[in-house]
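Undergrad: So the protein lines, in turn, are chains A and B. Residue numbering for the first sequence follows my numbering, beginning at 1 and increasing consecutively. Residue numbering for the second sequence follows my numbering, beginning at 478 and increasing consecutively.
Possibly wrong hints are sitting among the right ones.
Said to hold, decoys possible - Coverage of chain A stretches by chain B, computed from C-beta distances (three or more under 8 angstroms per stretch; other residues unrestricted):
#1 322 to 334
#2 363 to 375
Stated by the list, open to error - Only some residues are given here: those of chain B computed to face chain A with a beta carbon under 10 angstroms:
#3 Leu-493
#4 Val-498
#5 Arg-502
#6 Gln-507
#7 Ile-522
#8 Arg-603
#9 Leu-681
#10 Leu-724
#11 Val-735
#12 Gly-737
#13 Ala-739
Calculated from the structure, these hints are not laboratory results. On a predicted model such as this, the values are computed, not experimentally measured, just so you know. For each residue, glycine too, the CB sits at the ideal point set by N, CA and C.
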Amino acid sequence: MTGTTGTAKAAEPTPAARLPRRRGTELALTVVAVLLCVLGYFDVGLTLHGVPPPGAAVYGAGLGVLALLAHLAVRWRAPYADPLLLPIGVLLNGLGLVLIYRLDLATPDDEAAPAQLVWSTIGVAFFIAVVVLLRDHRSLQRYAYLSMVAALALMIVPIFFPAVNGARIWVRAGGFSIQPGEFAKVLLAVFFASYLAANRHALAFAGRRIWLLRLPTGRILGPIVAIWLFSVGVLVLERDLGTSLLFFGLFVIVLYVATGRTGWVAVGLVLAAVGAFAAGSLEPHVNGRVEDWLHPLASIDAGRGPNQLAQSLFAFAAGGLLGTGLGAGHSVLIGFATKSDFILATAGEELGLAGLLALFLLYALLVERGYRTGLALRDPFGKLLAIGLASIVALQVFVIAGGVMGLIPLTGMAMPFLAQGGSSVVTNWIIVALLIRLSDSARRQPGEWAADPPGARNTRAPGPGAPAGLAGGGGPA
Amino acid sequence: MTPYIRRAAVLLVVLLAALLVNAVRIQIIQAGPYDGNPANRRHDIARYGQPRGDILVGGRPVTGSTDSGQRLRHERTYTNGPLYAPVTGFASQVYGTTFLENAEDGVLSGTDPMLATVPLWNDLSRTRSSGGDVVTTVRAAAQRAAYEGLGGRKGAVAAIDPSTGEILALVSSPSYDPGRLSGSGRKAADAWASLNAAKDKPMLNRAIRQTYPPGSTFKVVTAAAALDSGTVTDVDARTDSPDPYRLPGASTSLSNEVEGCADASLRYAFEWSCNTVFARLGVTTGARRMTRTAEGFGFNDSGVRIPSGVARSNFDTSPDKARLALSSIGQYNTRATPLQMAMVSAAVANGGSVPSPRLVERTATAGGTTVRQSGSRSLRQAMSAGTAARLRELMVDVVEGGTGRSAAIPGAQVGGKTGTAQHGVDNAGTPYAWFVSWAQAATDTVPAVAVAVVVEDASAVREDISGGGSAAPIARAVMRAVLKS
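So that you can see chain B by itself, here it is in the shape it has in the complex:
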């Protein structure tokens, strides 16, 4: 029997060899595709296996982490969730991440290779670094002032430091608590469903992801284009502006809400927001110059990142004069995000150059060592410094004696521009109240803050919902908060 036993043993050796070869095949050769399969939950488990790093406002974390003991263990918590939701976004086991949670996910979840103290060590040791922190540029007081100013009304506020582009406040209202979406249980699913179904769209980040017709606040851009191009050389000279103004090549006419706009000077027209003057001014300046200036401020740019993507603000480049006239007063299909309008205001305050907006000051390891520092850089020069200086003057006039008086702050120089944008079929919708402004403390050499505020649904009569009435007080509160801090 011995030779047969030996031959049977050979058969078993063949089986053993097949097992060994197959083990090498799965564990080494084909391991990559299996590991990378989206249905393989190991990456998710590792991702939530450690607490996420924090997002800091004013040196204090506005996020936290709780150990749920579930398979996707650590769930995100938020202190003042609704207040900071437009900044942080949410980080959910099921629904992914948004805004800073998304844009800085590598640092927060610990996968960013820069977090490792020794390069490539994590790959070798199969460990991931502890989640790093994201230090934001947001000022808690300004954020709170903006949020409380909106008081639950639909709207948004964006405030930036004109010289650095640091975003000091970013508020969208009504808001929601992103913590409700943490975890993988039934509660998160219910919250997701109800938040998505909500009529007020609380998860919409109105400050950077929603565009509105900017209305009269766009007149800052039109004025800049007119002054820069030389169409207007003297802000106090009377212009050749009929009232009402018949749109070129169309049968409709524009009129004004205020008196004295016929042939008014640029100063008067800016101060009292004469539609006729600015519509005509846009046409005189020409589509090419208007477009160039608008794009200099950041319109028509879909690549703005703070680091989350910002919705593209639109200025129509069509040479149709009637449309250009409407576009020049922020109507037709001119649209802007609140952040874009804050950039417009900041450019005026900053000598004409538009700062690149940014929300992250720096990222750091869990131990506090800086991983990346974000430097300020100028986006582009939207207008000459001289034009900026004259616009500053005009904006100050608005606050000191025009439509924006409710934004005035004692002991500070404040410039502003109101806006009331009509929209809807036959302008039937409730107008949007706008206010863009900047403020400079008497003791400072440069303006400290530029703000844009939009209020969507003030349930007031039309006259009262002008930018000066609804939006300017919010802007003032934000500016005061920044100046005081």
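Bound-form chain A, shown alone:
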């Protein structure tokens, strides 16, 4: 712990120095992000029809207004926030809209871009709402158990709805369909952060020692393992193994960061391996995915033509170093999930390795800003929440990108911001909003806390009138 404190101290600015707010930087980068997307939109139209695309002005103006409103909200309520988070979100979301619009032109019967634009608007609205209404992230600690219950409820609901493409993860009502599991991610991250922040010492140091591993008492470990098992169980029932893998990774990372116990990582990896092996060999749906991963071209040799993964690999291969150019690829050959799970293949084919690496680095930058926020924050809940949220993005990118590129077996997931999917876009905007709020707290001067006396943060309850919640460790008792 001494090391921790030392580093934290070193990272903490001296009260006299005033951190630059960097809102101008954010605005400039956001404008660049919007312009890049509009450029991409024009490129698609010119490539496919030789004329600027219809509604180019609406698209550019729409994205610009959304980005500007988000920026103004940040400027107003989170002036110290990390200036990179919002531009990255705008750029990824805008590029996703360009790619979906481009794919729409190849599938005229199935337009997804307008709905995606609506969902993006809703996402930005949630973003603004979170930035404006959530004054202090620590108030979320109060809702830890509520978050957990809500998360579980959201995961259970789709079981009562019919399966779509083999997975029971959708709720459909009146033309709209949402994926409640997406929102559950954020709620679970809040619960994990809150619970572990409160109980990390007990988890790290209490309990019996068995061989090399010191097990915490069942009273402490029980609830969290139960919740985790329950969520994973539900997901296995729903056959959404991507999300299951994501929760598992999130759980292990946050637990490790909270307790520093390498044993947890080891146990996690062993459990993951056992689970993966069991699912891969027993569950036919997963077994098929593993077989496809090991032999992506087997269906061609068997005379059934290329499967989705093979088509995806063809698309990446066709892209090469510089890509075919937006609009000039043929990733629609992949079939029904081109705009959602497989959207990265379109990026790989039309933007090439260069574009793909740029995309990965954008995600990496987003995650890095989240981790940096986690490092800079001083309260354990905030740290764990920032790490958890950033890890969600990182794990999700790895699971789906690795899946469509044949690195790991394919599990259905949405590429954050890029893929078609309303719930996903909204969730990602909420994640970015929370990171903005957290980074604003991290970069604020101690004296600048709106409702907090200087130097009192680590010992006192977060907001005025807020109950101690789980912060004091008394919650679960």
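Position chain B relative to chain A; hints supplied.
TA: Coordinates of chain B only, in the frame set by chain A:
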């Protein structure tokens, strides 16, 4: 918590590195095999993503292209499809390409590297050139005359320019519209199924891909061998030919359809198509000389390309004398494509040298710049010029006073040879009517055209379906069309 956060970050960096390395692996290192996988449809999509170049007859395209809006976008259209089908073949999204569409596919689809103005530029810029054009040697009037002459009867016509080898007409009948096979929809599949099931085999290119027993038209080859080898030195001298002629070493005898063949001169035997004289002549000349001359004309050569491959015409090299006697009158297993017989006729017209037949005059870029010009070259000398001159004389006699009178054209010198080939078990099948000929306008110094016509199924009585009756008028129409143009 800070060190743990840093260590967790290291884990994520490892994951990121794995993604980046994997991206390089698929997009660069293993991109080649994925790109070249036959199940990868990108090559097909690129291929049909632009209109195909055209095939030109007499300066006018006989092909076209229509944008279907489908994934394999541009579909082939054909003007006068059935007329030019043996020349163009088809270009189908599903069933591939045949004939010129196949042989010149690189130019037509734009992949031929010669089409690029700057070498290697297309590879770098990932573009393909616009489809180039293929200019054929076919004369529209001759083609039409041949097609209308056959009038839907089973048969084929091949006409070539004797001095250059340019193919002036190439017709197979009954024909089909290759445009029916364009596209990837249900209609193309239905057309493919019905065309393949059709009894008359409309997709068979009878002019270059079907061989027939040439019957008496093969007597031109036998006469050439006999004259060249010195077996016969005087075409008017009487030969020692019994009628009927008992095949050497066999119990069967040959007879003739006409009178006066016993000991007839070569001229008389050629004019009236005496089987006995020529069967004996082949035997006297010998298998070796016969084979050499036949191969000089192009028989037994499976490598003829125009640029589509031409079926191998056959002359049996066995020294069995009875078989040689039958082979020498175009029976037994002597077989020839109509194009081969046109080459025989052309060699006579061209002083004994067989021109290399070719269907493509030149290929050009979409802008009209010539990519490749096909030069004429002589295939081989089938006989001496003197022999050719005497054969010319004999063939003229056939048209002027023998079995081929219906091929005569006023104001032109025409030489010809009729043939009626029996086939089937005990010769039960309807005989094939043959006519090979050449024509030279009175004002010209060399013959302008050599033609071979075969009619398979004239539903007429045997006597009437002789080459002179069914096939010669078609040949005349083709020759007139060439002479007039």
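Undergrad: Take the hints in turn and mark each one as holding or not.
TA: Tested hints:
1. 322 to 334: Holds, because 3 residues of the segment 322 to 334 of chain A bring their Cβ atoms closer than 8 angstroms to Cβ atoms of chain B.
2. 363 to 375: The restraint on the segment 363 to 375 of chain A holds, since 6 of its residues have a Cβ under 8 angstroms from chain B and three suffice.
3. Leu-493: holds, 5 angstroms
4. Val-498: holds, 9 angstroms
5. Arg-502: holds, 8 angstroms
6. Gln-507: holds, 7 angstroms
7. Ile-522: Status holds, d = 5 angstroms.
8. Arg-603: OK, holds: Arg-603 of chain B within 10 angstroms of chain A, min 7 angstroms.
9. Leu-681: It is violated, given that the least Cβ distance between Leu-681 of chain B and chain A is near 30 angstroms, above 10 angstroms.
10. Leu-724: violated, 55 angstroms
11. Val-735: violated, 62 angstroms
12. Gly-737: violated, 68 angstroms
13. Ala-739: Check failed: Cβ of Ala-739 of chain B comes no nearer than 68 angstroms to chain A, outside 10 angstroms.
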